[in-house]
Amino acid sequence: MRWLVLAEMACAGAAVALVWMVLLARWLKGRPVGRSWLAGLVLVPRRYLVDVHHVVARRPRNARMHALAAGGLLGGSLALLLGVLPGMPPVPGFIIRIVAIVFFVPGAWGALIDRARRRPHTPSQLSGGAFVWLPVALLAWCVGNVVVALSVSDTGLHAAGLAGLALALAGGVALLVAVGRGPMRHGLAGIAWLTGHTRPGRFARAGLLRPFDTALWPLDLVHERLGVLTPRDFTRPELASFDACIQCGRCEEACPAFAAGQRLNPKALIQGLSGAMRERPAPYAGSPAPHAPAMPGGGGMDAEIVGQVLAPDTLWACTTCRACVEECPMLIEHVDAVIALRRGQTLMKGAVPAGAEQVLRASREQAEPGGRALDARTDGIAALDVPVLAPGEETDILLWLGEGAYDLRYGRSLRALVTLMRKAGLRFATLGADEVDCGDVARRLGDEATFQALARDAIGVLGTRRFGRIVTADPHAFHVLKNEYPALGGTWVVEHHTTLLDELVRDGRLVLAQRDGPAVAYHDPCYLGRYNGVIDAPRRLLDAACRTRVEVERHGMRSMCCGGGGGSPASDVDAVTRIPDLRMEQVRQSGASIVAVACPGCTAMLEGVTGERPEVKDVAELVLEAVVP
Amino acid sequence: MIPHADALLKPLRIKSMVIRNRVMSTSHAPGYGVDGKPQERYQLYHAEKARGGIGLTMFGGSSSVEVDSPATPWSQIAVSDDSVIPYFRQFADRVHDHGARLMVQLTHMGRRTRWDTDAWLPVIGPSVRREPASRSIPKEMEPEDIARVVRAFAAAARRCREGGLDGLEISGAHGHLLDQFWSPGVNHRSDAYGGSLEHRMRFGIEVLSAIREAVGDDYVVGMRMSGDEMLKGGLTQDECIAIAETYAGRGLIDFVNVIGGQARDEMAHAVSLPNMAFPVAPFLGLASAVKRAVDVPVFHAQRITDLATAARAVAEGHIDMVAMTRAHIADPHLVRKLADGREDDIRQCVGAGYCIDRIYVGGDALCLQNAATGREATMPHEIPPAGTARRVVIVGAGVAGLEAARVCALRGHSVTVFERDDRTGGQVNLAVRATWREALSGIVRWLDGQVRKLGVDLRLGCEATMADILLCAPDVVILATGGDAILGDDPGSDLHCTTRDVLAGRVAPSGSVLLFDEMGQHNAASVAELLATRGCLVELATHDRLVAQEVGTTNQPVHLREFYRLNVVTTPNVELTETWREGNRLVAVLRNTMTGTEEERVVDHIVVDRGGVPDTTLYDALKAGSANAGQTDAHALIAGRPQPVMGRIEMGDYALFRIGDAVAARNIHAALYDALRLCKDL
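Residue numbers (full-length UniProt numbering), protein chains in the order written: chain D, 1 to 629; chain Y, 1 to 682.
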């Protein structure tokens, strides 16, 4: 009996190792990243137990399920193996087998909890298929092995033990299949992915140097393949990350494009990319991208992904809001994958949606995505006579106006900001007609060449002026200037206007009198909150300016996108409803009559919501209303 | 948001002056000048536009540079001596405080003025030719006169600069001295100032050269002119373009302000100040043609009343600055509302021409639908909240009731409005049914929109009884119930119907119609046109010297034009004294008020307009119980103090007021002014 059990455990171990080798071999077909795997491997336990757990634990029931099932499975199996090792003295062997039982019983419990998640109906974000019988397999393995552990003796075979063994074996085989092609793959792939995670900065949030590792990395444009066309073009860790997806569907729940019925489901996207690596991928039993046409799927490492696995619209529907990334317990980088694929489409194939093409052409030829004259950018603040900083001149604050400055509605927000800066006695100037587009939209649309050209121009212009810091009311420009220009040689202190205003209020240079009025809810811009962690400054300002502030259910790091980012509006992807309509409904649910915004994109999207709805006001406008003259 | 709004909100640089946006108000004479000076009322009127976000406001239409161009007609400004400079300085400060630019128009009116006022000097002109509009016959200018006027222009320009104004324009439009020289129909000189176009342009060139010398190269000097006089013997479009090209090409002017037409007589005047009978922006094409020929910015006004048209005009490149002069009289905060995304709150000019028509009879410019314009010292354009919130019940949702509801709601009062009709608007809803008067509906549309936006409890289809009103426990009851038409009491008047009956569709006359008018207003005139377009043979008879005598100078010619076109017979100086039925027809007796002789008319229908009378039933019922016996304290009203009764109102008491035609039949402006003036202090 002992030998049989030993063989069972050894086979299981060997099979798992074999499957892992096969997977590794496939991931290694991707592009190397030039980082030490060993160094990464050392960090894996912490990443798994702290960072992954941090995300998983947002849903305590799931965390419990996972701790019980994974702990029970691994601990029990290991203990049982130890307990039946040849030469193990009887007493410690017995104790260790008891320990195994102590693990397997909670493991079984975990399996039952998992099973219960799909009873009576499988929730829409969860996958079916292999996920339905996984708890059964897990239960069989655990229960079978409990029986086995109880009946292990050197004396020989007996019926109960054999029955347990058979049960465990059946469960084990099923689990092995799941490791290779099914749900259990996430364990092995996850270790590989966490070892080589492409954004190591994400694991150092607690007060370290760059807590928000969200900048896109520059693409070497002198290369024969730019971006991603086939699975082989992804990096090795990225390939592992696709296999690490456990199809929990949290990304799907968070995705604004999915909610609006656009052809994007981040879970299906990642599963599609995982399947793209294989000639015959495992069937996907989760919700598809809404209204997406059926794709042949699979294709292998050298097949083109767009057209084979993904519909083009899927790619262009992404607003790059990172909500999926924020929710992913496996810390997968969906947005990076989308951008990599867009880079392939844009730079290698020129296959961009018509609207996006127009934006890119205008960005390229006129240094302005809307094709508007650069000297018209200051029109909205013309009446306020803001000085223009000429080359060689110096000021305290350089006000970066951004694309929003062209918009009439947003002009009001900018005028409010300028008025407040005046009131606070600040010395500031704009670049006037010398301000070019920062390149955000071009970069998100995958046109890295145009982005880098614009960035070079902007860095050149900024380099000829002297100033203490850059302040902008546009979170996209803020992110690009602050986080993405340093890689191209432009490093300045960059602040969002809410940070500046917060500073002015805290220093007493602006005095606010809290105003009675309808409840205000703050809508976090993705590029300010999720991308850069600026969550508190705008709220402090609103609390100082408005008597009643409420939170929308989705807020802060887990806020929902307005639909305006990532060049998605320009791409004009078909949808069932509009993302801002959904967001506005959430604001309405919060009971707010005013939605405070801090981004020209959010302003434009939310102002576009028709009918009776909460009023849209920039934080600066609300602060101006409350400022004591 | 309207399309191309960004085109309007783009700054314009002229030399070293930057105008913050593309919306302006042209120089006009609102009749506010006192002793030839722009004093407080004049300044506040323009400062309000500056506060409202306008880029450039120009004042002083036809401000005179010399004593033989008197300032008294239209209460204009005299820039003919230095005493005006301190006023200019004060004026400029008031406008600059709000970030707008301020300019003035300088002119010599030549023959287009009166000799029997101010200094009683003869009027002058290039030749001895009478102008129909002014009826003056000028003295032909001698070379000495020319030199004197040129010097006067230069001196006046210097005063503008010293007064801190941002620039000036000289007028070569509407038949002033400059274009009297240009126009071959007026200028018959044989010296160097007459004959060829080159010669005819000489006077203006001398004027502008002298101005340039006086103010320097950096000062903004422009010119207003016609793009085509559209008059036989007048300046053609080609000549106008040639003039603009020459003056601009020589660097004499920094902008050209183009109008269409001229103003030599009544109809030309009506055309050059188009009212609601005209399409919007009728002469934009003329300005656009000038724009194509010159390198300086082009300004243009003429019935551009809505921002969408204004934005299109600028965005498409027809003009550089769009002048919305009357639009600003209706709503001086037009630009700020655009910039703040509050276009729906803009009170749009309906083109009634009430403002300008008042000036031409020696009055002051007032807006038919905005009682605060021109009264900035006493009437607020933005209503401040009241100290005490009260319960206000208003009966009647005509324009008076709506304005009262709007002002009271802005004061923070809780307002209920009863209206027996199923829609708001009252009598204006009738007026709009007559041909080209339709645009009056804009007045109601705006008031209705504002009142609903302010959350007023609007009870339509609900005829208020005393019980209904008292059930609301009001602090204030305002009756704005309008009035009914007067049928008259001459024998046989029961056989008549009223213009209101026709407009309301209660009667549909056919065949021959005698329309007798005692009011001289639009009412009868427009009903005459309506009936004529429906195929009736209409005779419009009136007690006055002329039909539509009370209708102003930009509107009356349009009525007269329509009468001629539609073969409406007009019979002034008669009274309708008696009517009787004869068979299925009516016989009316018309007595000539000059001779006393009587004539008979046999017609199918007789329609009368004898004005209106209030129905006082509800007032009589409420009066006894009110704390003020229904009386409005006129002294408090005029002084801008709260009504004394408001201090005495206690639990269960109410104050009772009447406004608009519910007191006595007047007009839309009177109704709105009643409402604003009373309610702003409630």
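One or more hints might be untrue.
Listed next, the in silico EDC-like pairs over lysine to aspartate or glutamate satisfying Cα-Cα at most 20 Å (straight line) [to be verified]:
| id | chain 1 | residue 1 | chain 2 | residue 2 |
| --- | --- | --- | --- | --- |
| 1 | Y | K15 | D | E503 |
| 2 | Y | K337 | Y | E382 |
| 3 | Y | K453 | Y | D340 |
| 4 | Y | K453 | D | E612 |
| 5 | Y | K15 | Y | D344 |
| 6 | D | K423 | D | D507 |
| 7 | Y | K15 | Y | E140 |
| 8 | Y | K453 | D | E607 |
| 9 | Y | K232 | Y | D191 |
| 10 | Y | K453 | Y | D345 |
| 11 | Y | K37 | Y | D218 |
| 12 | Y | K139 | Y | E162 |
| 13 | Y | K139 | Y | D118 |
| 14 | Y | K37 | Y | D364 |
| 15 | Y | K623 | Y | E650 |
| 16 | D | K423 | Y | D490 |
| 17 | D | K423 | D | D302 |
| 18 | Y | K139 | Y | D82 |
| 19 | Y | K37 | Y | D6 |
| 20 | Y | K337 | D | E615 |
| 21 | Y | K15 | D | D302 |
| 22 | D | K29 | D | D302 |
| 23 | Y | K337 | D | E607 |
| 24 | Y | K623 | Y | D653 |
| 25 | Y | K453 | Y | D364 |
| 26 | Y | K337 | D | E503 |
| 27 | Y | K453 | D | D385 |
If you want the footprint, here are the derived chain D segments under chain Y, 3+ residues with CB under 8 Å [what the hints assert, rightly or not]:
| id | stretch |
| --- | --- |
| 28 | 177-188 |
| 29 | 495-503 |
No wet-lab data here; the hints were simulated from the structure. The C-beta atom is built at its ideal place from N, Cα and C for all residues, glycine as well.
Right, here's what the structure says about each hint:
1. Y:K15 / D:E503: violated, 40 Å
2. Y:K337 / Y:E382: holds, 12 Å
3. Y:K453 / Y:D340: holds, 17 Å
4. Y:K453 / D:E612: Distance of about 12 Å is within 20 Å: holds.
5. Y:K15 / Y:D344: Violated: K15 of chain Y and D344 of chain Y sit about 35 Å apart, past 20 Å.
6. D:K423 / D:D507: holds, 13 Å
7. Y:K15 / Y:E140: Answer violated: K15 of chain Y to E140 of chain Y is near 38 Å, above 20 Å.
8. Y:K453 / D:E607: holds, 18 Å
9. Y:K232 / Y:D191: violated, 23 Å
10. Y:K453 / Y:D345: Satisfied, since the Cα-Cα distance of roughly 10 Å is no more than 20 Å.
11. Y:K37 / Y:D218: This hinted pair is violated, its Cα atoms lying about 26 Å apart.
12. Y:K139 / Y:E162: violated, 33 Å
13. Y:K139 / Y:D118: Cα-Cα ~17 Å, so holds.
14. Y:K37 / Y:D364: It holds: about 15 Å lies between the C-alpha atoms, which stays within 20 Å.
15. Y:K623 / Y:E650: Holds, because 17 Å separates the two Cα atoms, which is no more than 20 Å.
16. D:K423 / Y:D490: violated, 72 Å
17. D:K423 / D:D302: violated, 61 Å
18. Y:K139 / Y:D82: violated, 27 Å
19. Y:K37 / Y:D6: The hint is violated at about 37 Å.
20. Y:K337 / D:E615: Status holds; Cα separation ~16 Å.
21. Y:K15 / D:D302: At roughly 64 Å apart (the allowed maximum being 20 Å), D302 of chain D and K15 of chain Y break the hint.
22. D:K29 / D:D302: holds, 10 Å
23. Y:K337 / D:E607: Status holds; Cα separation ~16 Å.
24. Y:K623 / Y:D653: holds, 12 Å
25. Y:K453 / Y:D364: violated, 32 Å
26. Y:K337 / D:E503: With Cα atoms ~31 Å apart, K337 of chain Y and E503 of chain D exceed 20 Å; violated.
27. Y:K453 / D:D385: The given pair, whose Cα atoms are some 35 Å apart, is violated under the 20 Å limit.
28. 177-188: Result for this restraint: violated, n = 0.
29. 495-503: Result for this restraint: violated, n = 0.
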